[in-house]
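There are 2 protein chains.
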Amino acid sequence: MKILILGAGGMIGRRIAAAVAEAGTIGGQGVTAMTLADIAEPPVPQAGGLSIAAHGLDLSEPGAVERLLADRPDVILHLAAVVSGEAEVDFDKGYRVNLDAMRAMLDAIRAVPDWCPRLVYASSLAVFGPPFPDRIDDDFAPLPATSYGAQKLMAEILISDYSRKGHVDGVSLRLPTICIRPGAPNRAASGFFSGILREPLAGLPAALPVPESTRHYFASPRAAVGFFLHAAAMDTAPLGHRRALNMPGLSATVGEVIAALRSVAGDAAVALIRPEPDPLVATIVGGWGMDYTAARARDLGFTAETRFEDIIAAHVEDELGGRIAKGAGA
Amino acid sequence: MKILILGAGGMIGRRIAAAVAEAGTIGGQGVTAMTLADIAEPPVPQAGGLSIAAHGLDLSEPGAVERLLADRPDVILHLAAVVSGEAEVDFDKGYRVNLDAMRAMLDAIRAVPDWCPRLVYASSLAVFGPPFPDRIDDDFAPLPATSYGAQKLMAEILISDYSRKGHVDGVSLRLPTICIRPGAPNRAASGFFSGILREPLAGLPAALPVPESTRHYFASPRAAVGFFLHAAAMDTAPLGHRRALNMPGLSATVGEVIAALRSVAGDAAVALIRPEPDPLVATIVGGWGMDYTAARARDLGFTAETRFEDIIAAHVEDELGGRIAKGAGA
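Order-wise, the sequence lines are chains P and V.
Just so we're aligned, residue 1 is where the first sequence starts under this note's numbering, counting upward by one.
Just so we're aligned, residue 1 is where the second sequence starts under this note's numbering, counting upward by one.
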């Protein structure tokens, strides 16, 4: 089985590539070759017996997609995107990369007879916009409040239509906010959700811009990797023409997140969190969905953490070598 | 006020053009000029003091949209489309006309500073696909079961995003099945809904391919014209970023439709309907929504018939000069 990962240099893409390289299989099937692509050449993981190629290229450049598809991968994991903030500022770039490049890829696949690869697409729960019910079920209408959400939703619709026509075998995964993101703090409005855990676990202070009553919906990087690997190998027949799935996650208030941090890392870690109310961030986060049933995805075998302590433990294991910073430990 | 009608040669477009020409106003505002466009040059209605231009052109040809927009209409009514059956057979043409031409138009509007025209778009309840609840509310997720539905939904999303960004002031109208369509019978799966009324009212036989228990959702051509004129002049502020509206209509079983025919045109008319079960048509129609609350649209002042007798009466007045065929009359 040949696999192509687009956006293989990103936080989730890198982990997927590493997991596939380590296992040498997806869903019990042997992987013989893996191609990794991103705007900058992505890192190549330890390979075992696996042939791995890595390319740095812009998917929206003419011919780029065709080049990557030349060896007819059986599975394409598509995580390449212009992210939310940039798509909002650079309207044309967002549509070019997030929509046009997807359509060009689908048309390139359609042009090849007798080839219907599995396509797993990183969509986002940002396809939804307010007003929301407290808990969003699988029949609730997406209503994007950003250009990024609009582009993701349109890409989903294309994937569904091309799948219905038999050109591709697509699954769109609407991802929750991924937490804990490793690395340096960023200025994304959602960044603090990771920051209030990641920094204290490293013995560093962190700002909390919203009230502890703020509720949001999360999955760990490890769960996200699991979503893609599950979707790469699942039986898609039960999807019918409903190819986009709200992914499972964990709904928690900031207060519950902090309580989980306390139980894993103690009072000293929690003491590193400083309330610094930011009305703009509070307003943005207030426009996001708080909880999703994700009933269809759960029925189809997708799983995520059910306790926030497990999200923290996954970070401590995967990023901190099992060690919590001195002074923050319980 | 200048108005541009795309698809002005179609069944609804022609009626809108005639209504505007007759009234000389939309929503109380005087119309000074009207431009009509369709793939073939559309008919020019009686004008009064109104300057009317008519163009036959293909909207998906380069430069066509820019030409039509050159005199900066204040209101654009967009009813031009590759219809459902054709979009299903000619995949590329459907996307080119129903999606790419819309995007080109929105980008052409965006390119002009300080111009934010009202855009009223003929979308369709075909954005929805099964499985359905018996009655579909405004929060129910669209899930297109055809390429036409997918293209209409993507065009809606574009219109919403461009409206959110302030480039256009868009409203997408998700139209019910329009009934009674005048003219000759066609082979559309929905054609019989008009046929079992139109033909008997003209003294002609009509085939009924589905059971009388089949339920569907209708509005008259007259109601559809009203939707567009209302949307052309409405206050769009209450829409927020929810720019697509399920239009009001009348949910009725075939049995109820026939009962209405009997009350308007008598037993002789009803006797002209012959059951000719067609399992394929029954299956296709079984995949369509049966009823919609259309609560938001109703709150915003959109109205449709509430009795099927009124739908029939509108046809008799507008198409038959008030006369029901001899032998079919009550």
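In short, the hints are calculated from the structure, not lab data.
It cannot be assumed that every hint is accurate.
Heads up, simulated DMTMM-like pairs for lysine to aspartate or glutamate below, C-alpha to C-alpha not over 20 Å straight-line [to be verified]:
id, chain 1, residue 1, chain 2, residue 2
1, V, 165, P, 88
2, V, 2, V, 71
3, P, 165, P, 267
4, P, 93, V, 71
5, V, 165, P, 92
6, V, 2, V, 92
Here are some, though not all, of the chain V residues that point toward chain P, as calculated from beta-carbon distances under 8 Å [what the hints assert, rightly or not]:
id, residue
7, 48
8, 72
9, 90
10, 91
11, 129
12, 140
13, 144
14, 145
15, 161
16, 234
17, 238
18, 242
Note that the Cβ used here is the ideal one computed from N, Cα and C, for glycine as well.
Check each numbered hint from earlier against the structure, then list the numbers of those it violates in ascending order. 3, 4, 6, 7, 8, 9, 16, 17
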